Amino acid sequence: MAEHVHVHAEPFDQGAALNAFSEAAAGAGAIVSFTGVTRDVADGDMVAMEIEHYPGMTERALSDIRAEAMERFKLTDAMVIHRHGRLAPGEVIMMVATASKHRADAFQGAEFLMDYLKSRAPFWKREITARGADWVAAKDEDEAALDRW
Amino acid sequence: MDLRYFAWLRERIGTGHEVVETQATTVAELIEELKTRSDAHAFALSDLKSVRAAVDQQLVSFDASLEGAREVALFPPMTGG
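Protein chains in written order, with numbering that gives the first Met the number 0: chain G, 0 to 148; chain Y, 0 to 80.
Think of the hints as simulated: they come from the structure by calculation, not from any bench.
It cannot be assumed that every hint is accurate.
[As the list claims (entries may be wrong)] Only part of the chain G face toward chain Y is listed, based on derived beta-carbon distances under 8 Å: (1) Phe11; (2) Thr34; (3) Gly35; (4) Tyr53; (5) Gly89; (6) Met93; (7) Ala120; (8) Val135.
[To be verified] Here are a few chain Y residues that sit away from chain G, every Cβ distance over 12 Å (derived from the structure): (9) Leu8; (10) Gly13; (11) Glu20; (12) Glu31; (13) Ser49; (14) Asp55; (15) Thr78.
[Unchecked claim] Computed list of lysine-lysine pairs in DSSO-like fashion (alpha-carbon distance at most 30 Å, straight line): (16) Y:Lys34 x Y:Lys48; (17) G:Lys100 x G:Lys73; (18) Y:Lys48 x G:Lys138; (19) G:Lys138 x Y:Lys34.
The structure displayed is predicted, hence computed values, not measured ones.
Ideal placement from N, C-alpha and C gives every residue a C-beta, glycine not left out.
Just need the whole structure built from these sequences, with the hints factored in.
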């Protein structure tokens, strides 16, 4: 089975990615996907979001998180795409998709993937505004979100 | 040993990569040693609540052993997604 973990700077077509995933997941009764879009966190002032990552560890961490989700939620397949580099507000930054026999597992698997990649995959966001640049601080609730699993 | 720094830790220390000789046996001991290297290191590592560590690209706690470690990375809490 293809590993379906992709980390790159280039934009991607979320429709094409989901179609390819669905095709590879043939036989699954449920497919859930989530797309993350760069928000203007600086109230209309944001010029860009820069995403730094740790090449090597990022792929490894995502691969481990994906394997854990596959096992816990009996997924038949799972995909993670995450971009790095400079993104404009409104650009697609990441996507996860899960496939399972049943929708509850597919939904839960996707939420698990999102919660874990938010605070266990080595990405760091920096907001560039007209006034300067600031690293986005991790939120306590992101860490707390892991407790429910 | 190869050291890697990311995000604001990299900016505060002034480099993303350095090679150090160390006798430290745990990540915590290594961090204490690093703080003595320069004011920039001491400042970047002053609040360990805001620091995470990876040994050979696996996230670890500060009491993790450095035995056989080739690469240690220090960085702020992650903000992916």
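Each hint, compared with the structure:
1. Phe11: G:Phe11 check fails; min Cβ-Cβ to chain Y is 16 Å, beyond 8 Å.
2. Thr34: violated (11 Å)
3. Gly35: holds (6 Å)
4. Tyr53: holds (6 Å)
5. Gly89: Violated, because the Cβ-Cβ distance from G:Gly89 to chain Y comes to roughly 16 Å (cut-off 8 Å).
6. Met93: Interface hint status for G:Met93: holds (6 Å vs cutoff 8 Å).
7. Ala120: holds (5 Å)
8. Val135: With Cβ-Cβ at 5 Å, under 8 Å, it holds.
9. Leu8: violated (9 Å)
10. Gly13: holds (16 Å)
11. Glu20: holds (23 Å)
12. Glu31: The claim holds: Y:Glu31 sits with its nearest Cβ about 23 Å from chain G, beyond 12 Å.
13. Ser49: violated (9 Å)
14. Asp55: Violated: least Cβ distance 9 Å, not greater than 12 Å.
15. Thr78: Y:Thr78 not clear of chain G: closest Cβ-Cβ about 5 Å, inside 12 Å.
16. Y:Lys34 x Y:Lys48: holds (15 Å)
17. G:Lys100 x G:Lys73: The hint holds at about 8 Å.
18. Y:Lys48 x G:Lys138: holds (13 Å)
19. G:Lys138 x Y:Lys34: Holds, at about 26 Å.
When held up to the earlier numbered hints, the structure conflicts with 1, 2, 5, 9, 13, 14, 15 and fits the remainder.
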